[in-house]
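So the sequence lines, in the order shown, correspond to chains X and L. The first sequence begins at 0 in numbering that gives the first Met the number 0 and counts up by one. The second sequence begins at 0 in numbering that gives the first Met the number 0 and counts up by one.
It cannot be assumed that every hint is accurate.
Same chains, same label: a pair holds when it works inside one copy or across any pair of copies.
What the hints assert, rightly or not - Keeping only pairs whose Cα atoms sit at most 25 Å apart, straight-line, the calculated BS3-like set for lysine-lysine is:
1. K41 - K133
2. K198 - K176
3. K173 - K133
4. K181 - K93
These are calculated hints, taken from the structure and not from any lab test.
Number of protein chains: 2
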Amino acid sequence: MTIRRLSVYTRCLLQLEEDGVKTVSSQELAERFNLNSAQVRKDLAYFGEFGVRGIGYYVSGLKAELQRILGLDREWAVALVGFGNLGSALFHYKGFTRQGFRIAAIFDEDPAKVAREVESTPIFSSRELGREIKARGIQIAIMAVPAEAAQPVADLLVSAGIRAILNFAPARLKIPKDVRLKHVDLSIELETLSFYLAKPSSR
Amino acid sequence: MTIRRLSVYTRCLLQLEEDGVKTVSSQELAERFNLNSAQVRKDLAYFGEFGVRGIGYYVSGLKAELQRILGLDREWAVALVGFGNLGSALFHYKGFTRQGFRIAAIFDEDPAKVAREVESTPIFSSRELGREIKARGIQIAIMAVPAEAAQPVADLLVSAGIRAILNFAPARLKIPKDVRLKHVDLSIELETLSFYLAKPSSR
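One chain only, chain X, in its complex shape (with noise of 0.2 Å):
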């Protein structure tokens, strides 16, 4: 099963649990947030236990074990690289907090905007990344970084003991394998939007 998966059928069930629904066939699951319901009945067998015959599966007990399988049953702090626009939209990205994702300490090169505080987060210079990053025993970063910065940052949150990174910047790293990159490309997106746009059959 992709990781993704779990998220989106978390995602759903919290939906359901805001909507006061106790109990969810995959079926129902399937056909209330337009999911493949082969793929969601596959998926959810594995978790058995939380589901009950002829009723379906309980929302909450469910909910709860895939947040747990996805490491959201507890606050990650969070440190955030490059506080450009793109830094500032993520920052002030909702989903980030709800989930769990606490951004603990920014970073930029522009001394205009370090040793300021966001919203009670501080803003550090880059050259205290490593010693910060330690103190705070953070494991995540999020590098908005440009494009011609991004492997020299990489490098430092390597070192300062980061274990995984979700990169935005437009470009390719190079990070020992005990560390986890993702990659953000957002025009991947729209890359799957212009392919329906542009087939034969729909023009």
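Got chain X; can you put chain L on it based on the hints?
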């Protein structure tokens, strides 16, 4: 084959072309870009005509074919709705332009932003959305608006004739079936990382 993988291959081939590489085997491609080699071989087998036995694939020919399939052999005019932090970051994101997506018009509610230009791109009031999108023949829209504005904006876009929407707002949208919708949930990417950090084996 998922469309996303086609996008990834296209990027790899672009990189090889920039590096002056003329031909590549599926194994070289997989090794160089850390891809699953069995998957690459299977996927590229569809494009047999661009392959040469014992040599591999012609980089430029295969790249051009993939770009054509993805609709990247032309320019797409794109509307950007919402010009806050995220909207600004998306506007300045180099990756869109490189793949042929040109932001042709920006829309925002804030009167202080309207009637200006950013790098020759006009900013309009949301009230002008229908008129400008029709006049400019825009088919793709990127939504970077707050959650509560998302559905009304999506309705406006659909009425204006938009055929594909890339939605960054953390809100589920109801749109007609003939309009393509892609939702970007930035926290899902972080969850795939916390999953690995949370695994007992890596604790």
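Verification of the supplied hints:
no. : hint        : in the structure
1   : K41 - K133  : neither (42 Å within a copy, 44 Å between copies)
2   : K198 - K176 : between (39 Å within a copy, 16 Å between copies)
3   : K173 - K133 : within (21 Å within a copy, 45 Å between copies)
4   : K181 - K93  : both (20 Å within a copy, 19 Å between copies)
Taken one by one, the earlier hints fail for this structure only at number 1.
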